[in-house]
Every structure is written in C-alpha cells, then in structure tokens.
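Residue numbers (our numbering), protein chains in the order written: chain A, 76 to 374; chain B, 41 to 138; chain C, 113 to 496.
Hints are computed from structural coordinates only; laboratory data are not their basis. Here the structure is a predicted model, which means the values were calculated and not measured. All residues carry an ideal CB built from backbone N, CA and C; glycine is no exception. Each hint should be verified, as a subset may be incorrect.
As the list claims (entries may be wrong) - Here are the simulated DSS-like cross-link-like pairs (lysine-lysine), alpha carbons at most 27 Å apart as the crow flies:
#, chain 1, residue 1, chain 2, residue 2
1, C, Lys331, C, Lys352
2, A, Lys241, A, Lys80
3, C, Lys334, C, Lys443
4, B, Lys52, C, Lys331
5, B, Lys52, A, Lys80
6, A, Lys274, C, Lys165
7, A, Lys277, C, Lys165
Stated by the list, open to error - DEER-style ranges, computed between Cβ atoms:
#, chain 1, residue 1, chain 2, residue 2, range
8, A, Thr229, B, Glu136, 55 to 61 Å
9, A, Asp361, C, Asp312, 34 to 40 Å
10, C, Ala155, B, Val105, 55 to 61 Å
11, B, Pro127, C, Ala155, 57 to 63 Å
12, C, Tyr284, A, Ser219, 20 to 26 Å
13, C, His199, B, Ile49, 42 to 48 Å
14, C, Ala303, A, Val88, 33 to 39 Å
15, C, Trp225, A, Thr213, 31 to 37 Å
16, B, Tyr113, A, Thr213, 56 to 62 Å
17, A, Asp361, C, Asp160, 34 to 40 Å
18, A, Asp361, B, Tyr113, 41 to 47 Å
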Amino acid sequence: MKKEKKMTLTLPVEELMSCGHLACQGCGATLAMRYMLKALGQKTAVCIPACCWAVIDGPYPYSSLEVPIYHCAFETAASTATGVKAGLVATGDNETTVVAWAGDGGTFDIGLQALSGSAERNDDIIYVCYDNEAYMNTGIQRSSATPYGAWTTTTPVKHFKNRPKKDIVAIMAAHRIPYIATASIAYPEDFVKKMKKAKQIKGTRFFHVFAPCPTGWKSRPDDSVKLARMAVQNGIFPLYEVENGEKTTLTLKLTDRKPIGDYLRLQGRFRHLKEPDIAVMQAEVDARWERLLKGCEAA
Amino acid sequence: MKDKKATKIVFKSADEMPAMVISIGSQTHNKTGAWRNIRPEVDRSRCLKCGICWKFCPEPSIDIVDDWPVVDYDFCKGCGICAEECPAKCIVMVEEQK
Amino acid sequence: MKKVIMGNHALSYGAMLSRTRVIAAYPITPQTQVVELLSEMCADGTLDATFIKVESEHSAMASCIGASVAGARTFTATSAQGLALMHEMLHWASGGRHPVVMGNINRSMAPGWSIWTDQNDSLSERDTGWMQYYCSSNQEVLDTVIQAFKVSEALMIPAMVVLDAFALSHTYEVVDVPDQKAVDRYLPPFAPEIRLTPSDPHAFGGLTSPEHYFELRYKLQKDMEKAPALIEETGRDFEKAFGRPLGLVDAYRCDDADFLFVTSGTAGSTARVAVDALRNEGVRAGNLRLRVFRPFPFATVRKIVARAKKVAVVDRNISYGCHGIFFQEVKSALYGRPQAPPLFGFITGLGGRDITVEHFKEMAAQTLSHDRPEEEIGWIGVKR
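With the rest of the complex left out, here is chain A (with noise of 0.2 Å):
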C-alpha cells in the first residue's frame, strides 16, 4: 500500500553517536546529544564533565562517539572547552567546532562559575546544558534546575523543592552573548536548525536543553518525548532564542496553551502534589509566559 513512498527524513542521516551505550531506556540526554551531532558534524570536539554522559559514553577504553571527547572535571566544562578551543587554534585548526556538554547540575551549580568566566570573555565555544532537573548521575539529588513541586532525594515529598528554577537563560543572557537558545527533544528540526546557525556564529553560544529523565522523574520510558513535547505546549519549556543579550524571539507561538496538570500526572516526582500546589506552579508557568512574551517578537 506504501510501498511506492519514500521515507522522509527530517534530520541529517549520518549517525555520530552509536548504540551499545550505557544510557537508560528512554532517555532524553541522549536523543539531545545524537541531534547535536547531527547538526554540527565530525569536526567537533565534546568536552563532558561529570554528569550521565559520563557514564553513558561508555567506560574506558571504548566510546560511543565518532568524535573526540575530553572528560573533564564536573565544575570544568567551560573552562575546559575554552582550553580545547584556544589549543585547537594554536596547533593549526580553525574548524573543529568545540562544545561544552553539560547537566544542569554542572552548569547552573558546580559549572556556573566558569561557565559565566568563559561567556564574559566571549570564548569560542558552543554550550549546550542538557536540562534532565537533577542531578541524575549520582541518584537524583536536587539541583537549582529542579523545579519547584519536585521530589528528589534530596528534597523527599515532606520538603519537595520550595525554590523555583534558576533561569538560567536570563543569566546567560545578562553575558551579551551571540546567541542563546532553548531546545527541546521533541522538536529535534528546530534543534538542528539552531545548532546549525549557532556553528556559525564567532563567539559563546549556549543553549538549553529539555531532557526528560525517567528514572529521576519517575516517568515511563516510553514517554520522554511526549514530555519533552508537553512541556513546550503548556510554556514550561518555552523554545526562545536571545540574540546579544537583547533580542528576544519566540520559536513557538502558543495560541492554545494547555495547562500543566496533565504533564505533572505522567512524572511521579509531582506524585505528592495538592491542588494548590498545582495552582500555584500554573500562576508562575502563566507569569512567566506573559514576561517572555512582552519581552520578545513572535517567530
């Protein structure tokens, strides 16, 4: 019946990242990491700290990975990337695109020190921080990416996480950086489309990606996308870029936003949450909607 229809892919075919990796099933870090590649091609080199993709790449002396990678101390992806980069130009090679890949732990924590250190300078490098909410690699402690409402290990359901998130793009954004971006795994063409532009781009470059956990958000496998996707449609995750620290655009526009309660029931991390505290988080999801929307044109 479809036998005459080609198969239309949406993303660049080439695989730079392959299997036999060490990831949870349905992880989201991962499909963030196989998009990355897919936009930025061979000639990048990776500098990961501690996070997942620590472990996930493989132990020594395997990798998954068709380009090079530094392992690098859990507070040093910044200034390792930095190093690379500045290396990398001194020997000769201008090309290799090098990328700071993060968790959320080891870029709005540990890494934000350095992270902040390289986004003054304007170092070349992209960093992408790959949002999975805690710190996953160790068990699922709180990190200050947790959201509100969350139970970790370190915030158990009778002291869930009273603090909102850290924004983390408003503080890279008070850098005057080129180019700032939120991704998410369920819109992988429109994270390549913004890794591609941001290859072209002299100078820092960060993004934020949304990448649901199902073991740290006690969710099903097989619904990380649908998360990812949910997320974005009810402006949890609003997908933005800020251009020199300015310049605000909206990927998505959201005419119908749908509200938060149907993606918190899907995580057992929101388990233990009463209505009001639902109210609560939807009054904060609908304010800072409306502060991202004043502040930007619509795409």
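Fit chains B and C to the supplied structure of chain A, relying on the hints for placement.
Chains B and C alone, transformed into the frame defined by chain A:
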C-alpha cells in the same frame, strides 16, 4: 552505521595500554538488546515511512534499510518511544520470550 | 643577553623562550608580575600565544589541560591559595598525562593571610603526580622552565617550577637570557603522539574500573621513575648549550664534608654562606641543595649523604602532626641503608620569617654537639 562488530578489549599487561587514558575501541561491543523485556515490532502494511521512529530512537537502534525502518534487536533496549510516537500506531511492543 | 630581572619575570622569559602557545592564568600576589609580563609579550607579539584571562585558578588549570590535550604547549603560574584551589586539577593534569609547566611562588597558606614565603603550598601538592623543581636563583628559574618543558613533554608528566615569594620572585638579579634560536635547538616544538583532534577521535579520561585504573597509575609511576636520569641528561645538554648545569641537586663542598646541610630554595643559597663561615671555623661543612623534589632523587641523596657524619635537614615547611617534609623524605631515603648518618630535622622560616646565616650556624651547633636530636623537631627562629 558505525562499526557494530566491535569486540571487547582485554589488556594482558600495562605495556599494552596507551599511557594516556584514551578510548581505543567502540562501545558497540556492548549488546544492549539484552536489557529489554519488551520489543517493538513494525507492521509494514501500515507504516507511513514518516521516519519518526528512526528520529526518536535514543540508541539509535532503528536503521533505514531498503527504505524501511528496521529494528536492530542487538541493541534495542525496549524503551517503547518508537511505538508511542508512531503516528500510524503500527509499532507494537510485545513481551520478549525469555 | 644579560638582563637585570626579578624572579617572576625570569618565569615569564622562560615561558616565552619555550614558545608557550597557550597561557591561562589568574592573578595572585606575589605572582602577578609573571602574568603581567606574559600579557604584554602576547599583546606586542613577542610571544605568539593566547592568554586566557580566566576567572579563577581552578579554571586556569582546566583551560591549560584543555589546551595541552589539543596539542599546545601550555604554561601558567600561581601561588598558595591559588595552587590550593587548583588541587583537584593538579591530579587531573598528571593522571591525564598532560605536560603543563607551572611556576609556583612559594607563599604561606592562610589563615592568617600571608604573602610571604614558606613551602607548605607546593609541598601539599607533593602527592599529585607533578614533578617539582625548587630554585634558588632567578637564572635557575628561567633555565628550569625550559628544561621542565623538555622533560615533561618526553614523559607526559606536568611539572612545577617553584621559587620563594619575595626572596626570589621580587628580587632583581642578573640573568643571562638565552638566545631564542639556541632555546629552539634545545627545546623542539611540542609534538604529542596522541592529542585531541577529530581526525583521530578518542574519549579521554572515561570511566575507569578497577580492572584498568591500577595499570594506568603504575605507568605514571614508571614514567616518573625515568625522570631523574632524564633530568640529568637534559641538564648536561643544557650545560653544553648554555654553560650552566641543571642536575638533580646542587652540591656545594659536599665531597669532603663531615657535616651537611640539606636545603632547598633560597635558604639553600644562604646555606652556602654558612658553609663557608663554618669551614673558616674548621668545620668540614657542605650544603646539599635539592633542586628536584619530585621525583625524589634517592640515588643521589643516598650517595652524597652517606659520606657525611652528621646531617641537618632544613625545612621551611611542616606536615602537622609529623615533621618537616624534606626531613621525612631524606630520612626515608636512608632507612635501612648501611651508611645512614644521624639526621637532625629543623623547621624554620615559616610565614616568611627570614632564615639567616646565624640560624644556619645555630643548626650546625645543635647538630654537632649532640649524638641525636634532643627534640623531635628542631625549631629555629620561633619565639618559644
């Protein structure tokens, strides 16, 4: 696709190891297919050839072979994302026979 | 060409002549002049290098490691608190086998805040797998940077070139700044076999299980064990090229000495004056200044110390709950040896308190007048 025939590396002595801590082989020696309890099965009669299953596989263990999505069961972990995302609902997750 | 320069600038010239390509450094007293001069050299093109003005010492070492693994010769400098902040990354540089060379100005660790010299900062890093050279003149500082790159790159082990705060860092001395071409002949460009590049992709430093870690660290030790011979060989080559020897130790009047000081850093040059004074008083004194502390020069120390009848080891540092660190290491080098003279361990000069010729004479007097030390630690110059 990348070399999927990689084998386990065994060093008999320190001399066989490079001084720097570097990878010298592919992680594809690790057949993660052993992880799964359920496996996806694609019904070609209803497949739209949209490529979405290939797109969203985190391994990635869906290859495009002769223009069809083909699951590589050596590596598929059985996460079920392909079945969940398939717009034609032509992928079914079935219990592994163990 | 002879110049009158401070110790800090001797480090800068050493790094410049070594054609360092990437520098990542953060300012700290008393190191600032090192990086300021290097900044100027980069800005005016005297040095073709990228200077990354990092926002902390931890980032400095992380960036140096990144640049080194990408194939660039890298240099940095720091002191005390900055060195301590780098601690995690010092392990990273050695375990990752990155031949970074770093100048460290020996400065006392806070609290209280001190900018003056003692050796606890660098000696606290003794187990990190870095080579350590202790200098006692600005000439030696400059020369050692060049030699350090040569040895480090041959062994793929990082090294620190250590000098005393103010006594050397800010003191002006006549230094023969070698000709660039001569240095180029002695020190070829950095050409590592393995580097980070997409044309030969590897994952560096991945998760390493008990099945492999032990061998990797065994290899680091085995390569470090090659260093003494290599330092002597490159030291002889340096002497041929530039007229100045750079060995494992600087032995002054040790051949016929009954009594030896074992020293390091600038105290090691004050000791020479004390040796001459003692000789004038009829004591056959000598000074064994350890230039290289890591790797510990066991064979050389044993050979020279064995000939003496009494030895006073001088530490400008202390391992609390134990003793001075050079003392402990010299003692352990002699343990069980057939010829091991009595060792007296002295601690002096902490926090930058001046170590004078009189102090050395006091150490000699105490050592010579006792069969064995009266107290475990010979405190010199502290108001007790």
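Each hint tested on the structure:
{"no.": "1", "hint": "C:Lys331 to C:Lys352", "verdict": "violated (31 Å)"}
{"no.": "2", "hint": "A:Lys241 to A:Lys80", "verdict": "violated (47 Å)"}
{"no.": "3", "hint": "C:Lys334 to C:Lys443", "verdict": "holds (23 Å)"}
{"no.": "4", "hint": "B:Lys52 to C:Lys331", "verdict": "holds (14 Å)"}
{"no.": "5", "hint": "B:Lys52 to A:Lys80", "verdict": "violated (53 Å)"}
{"no.": "6", "hint": "A:Lys274 to C:Lys165", "verdict": "holds (24 Å)"}
{"no.": "7", "hint": "A:Lys277 to C:Lys165", "verdict": "holds (18 Å)"}
{"no.": "8", "hint": "A:Thr229 to B:Glu136: 55 to 61 Å", "verdict": "violated (36 Å)"}
{"no.": "9", "hint": "A:Asp361 to C:Asp312: 34 to 40 Å", "verdict": "violated (52 Å)"}
{"no.": "10", "hint": "C:Ala155 to B:Val105: 55 to 61 Å", "verdict": "holds (58 Å)"}
{"no.": "11", "hint": "B:Pro127 to C:Ala155: 57 to 63 Å", "verdict": "holds (59 Å)"}
{"no.": "12", "hint": "C:Tyr284 to A:Ser219: 20 to 26 Å", "verdict": "violated (50 Å)"}
{"no.": "13", "hint": "C:His199 to B:Ile49: 42 to 48 Å", "verdict": "violated (32 Å)"}
{"no.": "14", "hint": "C:Ala303 to A:Val88: 33 to 39 Å", "verdict": "holds (37 Å)"}
{"no.": "15", "hint": "C:Trp225 to A:Thr213: 31 to 37 Å", "verdict": "holds (35 Å)"}
{"no.": "16", "hint": "B:Tyr113 to A:Thr213: 56 to 62 Å", "verdict": "violated (32 Å)"}
{"no.": "17", "hint": "A:Asp361 to C:Asp160: 34 to 40 Å", "verdict": "violated (55 Å)"}
{"no.": "18", "hint": "A:Asp361 to B:Tyr113: 41 to 47 Å", "verdict": "holds (46 Å)"}
Hints 1, 2, 5, 8, 9, 12, 13, 16, 17 from the earlier list are contradicted by this structure; the remaining hints agree with it.
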